[in-house]
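Here the protein sequences line up with chains A and B, keeping their order. Just so you know, the first sequence maps onto residues 1 to 420 in the working numbering. Just so you know, the second sequence maps onto residues 1 to 420 in the working numbering.
Worth flagging that the hints you see were computed from the coordinates, not collected in a lab. Each hint can be trusted.
Each pair may be met inside one copy or between any two copies, as identical chains are not told apart.
The calculated lysine to aspartate or glutamate pairs, modelled on EDC-like cross-linking and capped at a C-alpha distance of 20 Å, are:
| # | residue 1 | residue 2 |
| --- | --- | --- |
| 1 | K35 | E230 |
| 2 | K35 | D394 |
| 3 | K78 | E56 |
| 4 | K124 | D418 |
| 5 | K167 | D277 |
| 6 | K124 | D83 |
Protein chains: 2
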Amino acid sequence: MTETYTESNRTEVRINSERLRRRFDEFNEIAATEKEGVNRPSLSDANREARDQLVEWFEKVGLETTIDEMGNIFGRRKGQNNDLAPVLVGSHVDSQYFGGRFDGVIGVLGGLEVVETLVNAGIKTERPIEVVSWSNEEGVRFQPDMLGSGVFCDRFDLEYAYGRCDKDGKTFGEELERINYRGDAPCEPRDLHRYFELHVEQGPYLNEEEISVGVVEGVYGFSWMNVSFEGQADHAGPTPMHLRNDTLVAMSNVVESVRQITATTGTDLVGTVGSVDVSPNSINVIPESVEFTIDFRSYDNETVQTAVDHIQNEIQWAGEREGVEWDVEEIMRVDAEPFDDTCIETVKRAAEHTNVEYIQMVSGAGHDANYLNTICPTSMVFVPSVGGVSHTEDEYTEWEDVVAGTDVLLHAVLQESDGR
Amino acid sequence: MTETYTESNRTEVRINSERLRRRFDEFNEIAATEKEGVNRPSLSDANREARDQLVEWFEKVGLETTIDEMGNIFGRRKGQNNDLAPVLVGSHVDSQYFGGRFDGVIGVLGGLEVVETLVNAGIKTERPIEVVSWSNEEGVRFQPDMLGSGVFCDRFDLEYAYGRCDKDGKTFGEELERINYRGDAPCEPRDLHRYFELHVEQGPYLNEEEISVGVVEGVYGFSWMNVSFEGQADHAGPTPMHLRNDTLVAMSNVVESVRQITATTGTDLVGTVGSVDVSPNSINVIPESVEFTIDFRSYDNETVQTAVDHIQNEIQWAGEREGVEWDVEEIMRVDAEPFDDTCIETVKRAAEHTNVEYIQMVSGAGHDANYLNTICPTSMVFVPSVGGVSHTEDEYTEWEDVVAGTDVLLHAVLQESDGR
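One chain only, chain A, in its complex shape:
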């Protein structure tokens, strides 16, 4: 059903909530879990199935579909003037292991909905519009995360990305080939006018404030560290306390130090020890070695640096006190990424235009938008996560908020695709 374009269409156009909902539900039948989540980690068979579905829908809506060397999927709707750089919208469809249905998915299906809404309303834009699904955003199977957009934005080499291994020793390159999504298009920066990404907040603020949309002004910077302690395995019975070199006690000291540092360093600093591996991990053996991770984040880069400096001292103290060897490796450091002022203003105007209540906010989580922001003006649209929960099957967003966010995305795209 193609409608005739009028000026009032352009002002009053809204996305089709029911169509988006049908697509959302159908999409999330792929690798659905018992607890209403999805299990579609990067380059899995389930991820391939999701990609196939997406490509089918892109083509049905009439988008010209391109797969690049990283398996990033682009669907392009031509504009009136195809010499102009396109407006790009999108997100990702890989999931955490047993993750949520909204994370990433609403940004890609929302982008598709925006385009189909324009098609059906007969609204032609000066600039082309492209919808993208980035590869390996989550980083749970292949580290680092945001790998597809990272190569696209020249943050990583293609060969580096292909060589990333999962826990079974399979590489990203092999697995991309296996699922038949290693495309021909070069994965490299090209001229883009704007990038907008609709995403769930993954934090509690919008939900607590009962506000439908967050206009994202930037993303926290972070540091990821791997820490290890190496001590002495000994029998838990006959080894007196004063002769112990217990790596788990040293680690516990550090876990508490992480908590203390967040309480005393900066106002927005968060710190997490998320992963722990103990060896030999036996009830009656003093832990010989322990490896664990630390994640510090803040919107202020100096605050992250201060936290890293503090925790390195604490790791050293804990190791010395317990008489165990320590090693710290910072495996990733990303600076805070303030988004483009023009794009932030565009999203605000779009929210005002659609009468959606919004707040301006910072994202604690990293997104593909971080990297896109380094090659073109970028901003994001957040919708609430109920209870602030994400990366689990419990993740949930009220449907009316998804619709409000997609309408804001629509009008941000409309404003920016008029050729100015």
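Starting from the known structure of chain A, fit chain B onto it as the hints suggest.
Then chain B, alone, in the frame of chain A:
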């Protein structure tokens, strides 16, 4: 080579260090590890091979070999009066995963050496002497530990023991059958005169004091607990600190409390958190759940009880503070086991007779001797563990100490097998 018995033989007889060494080295070629340990967990193929070797040697020395329903292996040398209850010596030949060569092995091969020494010296004893190898002492594959002696001493039912599962869901009963060591002899208490066990100390005292033999007056009691915390998995970035329910922080509080309780409760209390499992164990997800173990030991039962009471309070506080649910289950409680005074005196006299320097001491680790002590007078002979290390491939005992300990075992057995 059979020598003629004389009274001076009886006084001056010593074990054959070279023969014992040859046997020890040959035995430890079975499932030897690269780092000079052994990997022969209970009822594995390697454990079967070790058992087969033992039975072959028992029979070669002329012992009457019996396998009971639990796979405990007995080798009997007749006495002058076989109506008298036998003196039993032994230990175990199952190992930790990638464990040491001495733990258990010297007690069994030492017992065999004692008998062969008597045979070759032409020394006849009034009482029969039996050498035993107990099944599943380590408890690393099938819990609980000391299962073979536990059933023998009526601590556990046979059916309970058969039903114990390893991590792959295989039962003790099935695996015993598979390796062909489910014998016909009833596994139940019978009339025994004495039980002596030679074992490595697994602690640092003898090694620090440079003393070859410890006369063991008893074994620490202990409590084993499983603890779990259940909180909320959340993204490590956008979740502000005050909204976190981080189970790993709660666990770290408890690990430090275990350490603090050992510093302030009793003089000999030791406490260990040895095993930790975190879920989902991802660098950027706040740990939703954590399960871990606590091991408290002391020679004083009230001290163990005080530690258990204290840590339960600490677990509750840590859980409440962090806003997570907690659960504590005591999976095992064993009282301290003071050995028999007569047997302790016998071992001391044997050490004095062989001019071996000794100290009287308590064992921090549990042994089959704990259970045997409940059905017959029992004591143990300890030899030093270099650096106090055990349950790892680094475990080591100087050979001269093994020889000294086996000579003490020999003369303890000789004293007690004269029919008085």
